[in-house]
Amino acid sequence: MKKGSRLSVIAFWGAVELGLIYAFVALGVFLAFRVLDFPDLTVDGSFPLGAAVTAVLITAGLNAWAAAGIAMIAGAAAGIVTAILNVRFRILNLLASILTMIALFSVNLRVMGKPNVALINADTMLSPFFGHGLREFYVRPLFIGVLVIIALIAVWRFLESDAGLAMRATGANARMARAQGVDTSFQIYLGMALSNALVALGGALFAQTSGFADVTSGVGTIVVGLAAVIIGETLLGARGILIALIGCVLGSILYRIAIQLALSTDMLGLQASDLNLVTAVLVTVALILPRLRRGGAA
Amino acid sequence: MIAVEDIKVVFGRGTPLEKQALKRVSLTIEQGSFVTVIGSNGAGKSTLLGVLAGDVLPTEGKVTIGTRDVTRLATAGRAGMVARVFQDPLTGSCGALSIEENLALAARRGEKRGLASALGPSRRSVFRERIAELNLGLENRMKDRMDLLSGGQRQAVSLVMATLSGSDVLLLDEHTAALDPGMAEFIMKLTQKIVSERKLTTLMVTHSMRQALDYGHRTVMLHGGEIVLDVTGDSRKTLSVEDLIGMFRKMRGETLDDDALLIG
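Residue numbers (this note's numbering), protein chains in the order written: chain A, 1 to 298; chain B, 1 to 264.
Worth flagging that the hints you see were computed from the coordinates, not collected in a lab.
Careful, some of the hints might be misleading.
Claimed, not checked - Output of the computed footprint for chain A on chain B, the stretches with three or more beta carbons under 8 Å from beta carbons of chain A: (1) 78 to 88; (2) 103 to 110.
As the list claims (entries may be wrong) - Derived list of chain A stretches under chain B, where covered just means 3 residues or more per stretch with a C-beta under 8 Å from a C-beta of chain B: (3) 157 to 163; (4) 166 to 172; (5) 180 to 194.
C-beta: ideal position from N, C-alpha, C; glycine also.
Pulled out of the complex, with its shape left as it was, chain B reads as follows (with noise of 0.2 Å):
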């Protein structure tokens, strides 16, 4: 279970730059459930995803996973509990270690990290398992750099890393935009995969409204800060994606509008 209540973020506070990010967001998910977030930039799903995350500690409201309250707990502190896919291929692995290694790293999230030696060989076996999963021959490049894998490769293998360690959280921050649209398939039916075999707790902030009415359980639309759309079952099955960028319309002209009683 993953709750946010009343949350509000305003960076910047006290300077001409003040920017009030998110607007008093509540938002409830229930242990399994997937969550689809859209929105146009600036809307504040980032700003969410980084209020889960750890990254941004929101200004007002609390944040709770499972039954932990985990408001002011930073990034680190609660990686044990939120495992995460991050837009770009090279900020979620470390390029300049090795496939194993960055499972290794992986593997121990949010654990005492001690002394023994990262890489025996049952844990070499158990992460060479789960790379031949992928069916990509990652297996026989387990000792190559993370850097010469191509960025398909390093967010599937971002994903084996998000299932490694015992969390039922996971965070998908546009994980597949950097990819081409072969890729961005494969790794969608990958989390896919691994969301429903896992029952993992998901929220997937997405720039495609394709993907965020065809994958998980509920969609929610973020604008200037605040949910303005939270469908599920039926009538997010109606729903189609001419509708979505309908109402993407509305919000931008309303915002035009706005803009053109500032410019007269």
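Here chain A stands alone, though its shape is the one from the complex (with noise of 0.2 Å):
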């Protein structure tokens, strides 16, 4: 094999960590895309904040998992404002989200009072498990990997319970599920805190990975979250919620690793600005790809 042409070690589990941290937004936009039928871009800014706030508060001396929480609840009320403008002032879901999206730019900045916060040397969440024998590049995909599962189990659980079920309904068809009682404002205003709750905590965790929170972190969030649950969807197929949030999280990593093929291989000629096209052109992929299929058994 060509130098250059191979992942290396680090870069593969570089990349794995970077899925795992995104299929917490994976499972926040299968929670608005997929259970509410809500199309939220305010990912793109919650994504940025959930970072902005960890990194103001565990500069100011905060505990990492302290920060964390907050910049969960953060999330949720960014989650909340879009909302609110979609069901109490009736705005278009998708752009009731924009609009909150374009506020949080400001938000964020105004959080930060800086475009970016170093977090360099500063105790994370991560910091206990370093020096322990294991390597830095091996312990952070482990960790992180353990909260996705914490947090895979518990949004499953959660759809299969009588509430989520109720919220499952709202989504797939809101007269019936008014006709059982459920209070579909509520739902989507629970649906959308609990999904930008988990891309803030995947913003949070990516600030103490990576060691800085940006302001324009936030950039094609959206793009990231879909491109994992269609890739799961693709691959896993509807079988379930279950298979479904699974494929949500193995989307996301093998997302992360087919990008990583394509930035290191020189053969295509790629760089790293390149990322946003071939972002693009793997979701388009993906997209079509189960048409296709389908037309060929046709």
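Dock chain one against chain two, each of which comes alone in its own frame, and use the hints as you go.
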């Protein structure tokens, strides 16, 4: 194999780590897009919001776990703002989320007081796990992987509960849900809050693993989350909630590995700045593939 | 008991398209009584049903279910007291959820929904039993998505869903209109059985005059947002489908004359 055309071990585990961080985004996007049928672009703002809140609080001396918790609350609040615009004021869901996203750009700058905050040498959620013999590029994906599994199980159990069923019915058939006594407005508030809290947690972990929070880090979050959801669906098919959620996580990891491969292959002549183009192409392919397969069968 | 008193419903008030869908309608249905409602398109049948279900909040008047004044209560708020089967089989159940998930959703109608698993073993066996009573073989397909079922099967499951929680008012909105004649008859028999077994207070809107006279204790005809016929007991027994059609013709004739006047 030619030099440089192969993924190094560090780059590979780096991709897995990033995939696991964005698995939180994928789970959030799944809740909004698939469960509630709410195309929510708020995530482009709530991801950097989670990062910003965490970075600022950790630099101010707060415990990293508490900082991540507060980041999740901030994310939930952002989701609720979008839900209010849509439910109370009847603004089209997509537009409502764009308004919140745009507003969050300014909010994030206010939170940090500058475009980015460094977290070098600060105590993060991961700090206690470093220096016990395992190399850092293994510790990071391992730690985040455990958190992802906890989140996945929580979301799964929620969606299979009475309360979760009400949320799924709201997205699938709101009229029926109301006739069954479900307060569909409340379900949208709750779903958007949960979704954006998960996304903000992703941002909080991103800031802690990469050592900085940046106001521009949210650009394209929605596309990456959606890519993960769609890749998962394409690979595992529609076989119930648990499989769909596992698909989100798997899709997110595979997406990062695919990107890493594409960028590290000299043959294609791609560079880091081509990331957005590669992402768009990947998502498009993932969207078209199931359609082609169905067309072929017919 | 269901009661509407002096209900007036105006759509698009203050606009050129203002329409008075119901004009001072009063109707009391006693506990355990089964009332059928007929009327031509635009007579106000669906509006009346919407007023009872909570989809339409009346402009004037009062709505009572049981002993409770529900006039200002929206659909979800009164769902615990009212079960409903829609005309379109796709509306009454959730196609993306499985049969058992749909049942679980209906079992908690009007109650708090917590974080406990929606489908525990005991609930599953109750649901299975209730679906087996339909004799449609659906008890072996409990995990199938609802949208894999035929329209008739979905309406049958919807009827079971309507009886899973404690409400004793049943609203049927032309619930056999989208079905083939055989399936429509099956659903009507099932409806009859459920209503009499559970002593449900029932209001059924129908397009079929045959159904309107064959089922229930009382028939109400709406026209132009008003009750124009209300028959029960012996006078209803002697009423034939032809009589009803005659009345319909007469009503329509009147509106035709009105139109003729306008055009002339």
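- prompt: With a cut-off of 8 Å between beta carbons, are at least three residues of the segment 103 to 110 of chain B near chain A?
  reply: holds (count 6)
query: Checking C-beta pairs, does the segment 78 to 88 of chain B have three or more residues closer than 8 Å to chain A?
result: holds (count 4)
query: Would you say the segment 166 to 172 of chain A counts as covered by chain B, given the rule of at least 3 residues with C-beta under 8 Å?
result: holds (count 4)
message: Using C-beta distances, would you say chain B covers the segment 157 to 163 of chain A, given that this needs three or more residues below 8 Å?
response: With 6 residues closer than 8 Å to chain B, the segment 157 to 163 of chain A meets the three-residue bar; holds.
field: Coverage assertion for the segment 180 to 194 of chain A with respect to chain B, Cβ distance below 8 Å, three residues required
entry: Coverage by chain B holds for the segment 180 to 194 of chain A (5 residues, Cβ < 8 Å).
The earlier numbered hints are all upheld by this structure, with none contradicted.
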